[in-house]
Amino acid sequence: MLRAAIAFFVLALVAMFLGASGFAGMSAEIGRTLLFVFLVLAVISFVANLVTGRGPRQIL
Numbered sequence: 489m490l491r492a493a494i495a496f497f498v499l500a501l502v503a504m505f506l507g508a509s510g511f512a513g514m515s516a517e518i519g520r521t522l523l524f525v526f527l528v529l530a531v532i533s534f535v536a537n538l539v540t541g542r543g544p545r546q547i548l
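Counting with this note's numbering, you get residues 489 to 548 for the letters of the sequence shown.
A portion of the hints provided could be inaccurate.
[Stated by the list, open to error] What follows is a set of in silico ranges between Cβ atoms, one per label pair, in the way DEER data are often shown:
| hint | residue 1 | residue 2 | range |
| --- | --- | --- | --- |
| 1 | 489 | 514 | 17 to 27 Å |
| 2 | 490 | 545 | 14 to 24 Å |
| 3 | 540 | 504 | 39 to 49 Å |
| 4 | 530 | 498 | 18 to 28 Å |
If you're looking for bench data, these hints aren't it; they were derived computationally from the structure.
We put the beta carbon where it would ideally sit given N, CA and C, even for glycine.
Build the full structure now, drawing on both the sequences and the hints.
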């Protein structure tokens, strides 16, 4: 999800450079939304890990 957010931000920069401001704005908004969703899910995962007391999985 973070990779998609970065891709949309890069796409917005390219579109802004080429003069497509409407498309650039839309791409930037999608990237911002994906970034916020990523951050919320990361915080929820971190808190759930703290509450359950389970550490990361051990790979043998």
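Hints and how they fare:
| no. | hint | verdict |
| --- | --- | --- |
| 1 | 489 / 514: 17 to 27 Å | 18 Å, holds |
| 2 | 490 / 545: 14 to 24 Å | 21 Å, holds |
| 3 | 540 / 504: 39 to 49 Å | 44 Å, holds |
| 4 | 530 / 498: 18 to 28 Å | 21 Å, holds |
In summary, this structure violates none of the numbered hints.
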